[in-house]
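Enquirer: When you line the sequence shown up against the UniProt record's numbering, it's residues 1 to 242, in that order.
Read the hints as simulated data drawn from the structure, not as lab findings.
Warning: the hint list may mix true and false statements.
Taking CB as the label site, the calculated pair distances span [claimed, not checked]: (1) 65 <-> 35: 33 to 41 Å; (2) 216 <-> 76: 40 to 48 Å; (3) 175 <-> 102: 41 to 49 Å; (4) 33 <-> 203: 36 to 44 Å; (5) 175 <-> 31: 33 to 41 Å; (6) 78 <-> 124: 17 to 25 Å; (7) 173 <-> 31: 30 to 38 Å; (8) 30 <-> 236: 22 to 30 Å; (9) 102 <-> 177: 37 to 45 Å; (10) 187 <-> 128: 40 to 48 Å; (11) 194 <-> 124: 25 to 33 Å; (12) 50 <-> 76: 21 to 29 Å; (13) 92 <-> 127: 15 to 23 Å.
Yeah, the Cβ is synthetic: ideal placement off N, Cα and C, and Gly gets one too.
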Amino acid sequence: MTGPARAPGDAGAAGGSTGAAVRVVLADDQPAVRAGLTLILAGAPGVEVVGEAGDGDEAVRLCRDLRPDVAVLDIRMPRRDGISATRAIVAEGLADVLVLTTFDLDEYVFGALRAGAAGFLLKDTDAAGLVAAVRTVAGGDGFIAPAVTRRLIAAFAATAPGASAATRAALDTLTPRERDVLACLGLGLGLSNQQIADRLAMAESTTKTHVSRILAKLDLRSRVQAAILAQELGLPAPAPAP
């Protein structure tokens with residue numbers, strides 16, 4: 001039996017405000033890779049590895065049992081792959097997911113983001129980059145490997161079917177301020193909460209509230225999905241506050 005689902009970024013945001021460590025579950029079918037990731041993350045200040053899994057099924061189970069802030073998942077794993085595991089973890093509100101893979105392939109990037117991953121990172125990223133990505137996702141922001149960002153924007157725009165009629169109707173339920181925040185998410189592949197707060201002259205906590213409400217109203221799994229939707233719709237970004 002699982003506990004109540006949490007809004008994306010809730011646990012990480014709470015950790016950031018209270019000084020609590022970011023709790024991480026790692027999943028990779030190669031023990032040596034898991035050991036290396038654990039060594040990097042456990043050695044970073046403010047990060048705690050609370051569980052390790054060798055396959056997707058075990059990753060989902062650990063997230064149900066441990067409720068980490070972030071689940072770092074490999075794409076290719078036995079029993080259940082990283083994309084399927086991401087979909088289950090996000091659907092139940094168990095954790096924010098950072099997908100980590102060796103393979104810079106569009107099918108993996110798109111699959112992970114459509115499943116609701118909050119971030120996508122390549123395994124050749126250095127230790128500092130991995131720690132930064134985990135902290136970014138835990139804080140409620142999205143993270144896409146710089147090497148794939150430009151290609152992702154162009155390819156996703158070319159292949160995505162566009163917003164459904166239901167989604168367009170749901171846009172009408174957004175407040176003007178929520179539409180401003182959604183438009184800001186579409187800049188590049190999304191400004192951070194703090195950057196949006198600075199641009200719109202609001203508190204970062206208010207930005208986080210708006211993002212959570214946008215995801216709920218539009219039935220989206222992650223802020224990265226919201227960023228892609230904003231780009232598909234061509235929402236004009238509000239001018240920065242003076």
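Enquirer: Which of the numbered hints above does this structure break?
Expert: 1, 2, 5, 7, 8, 10 and 13
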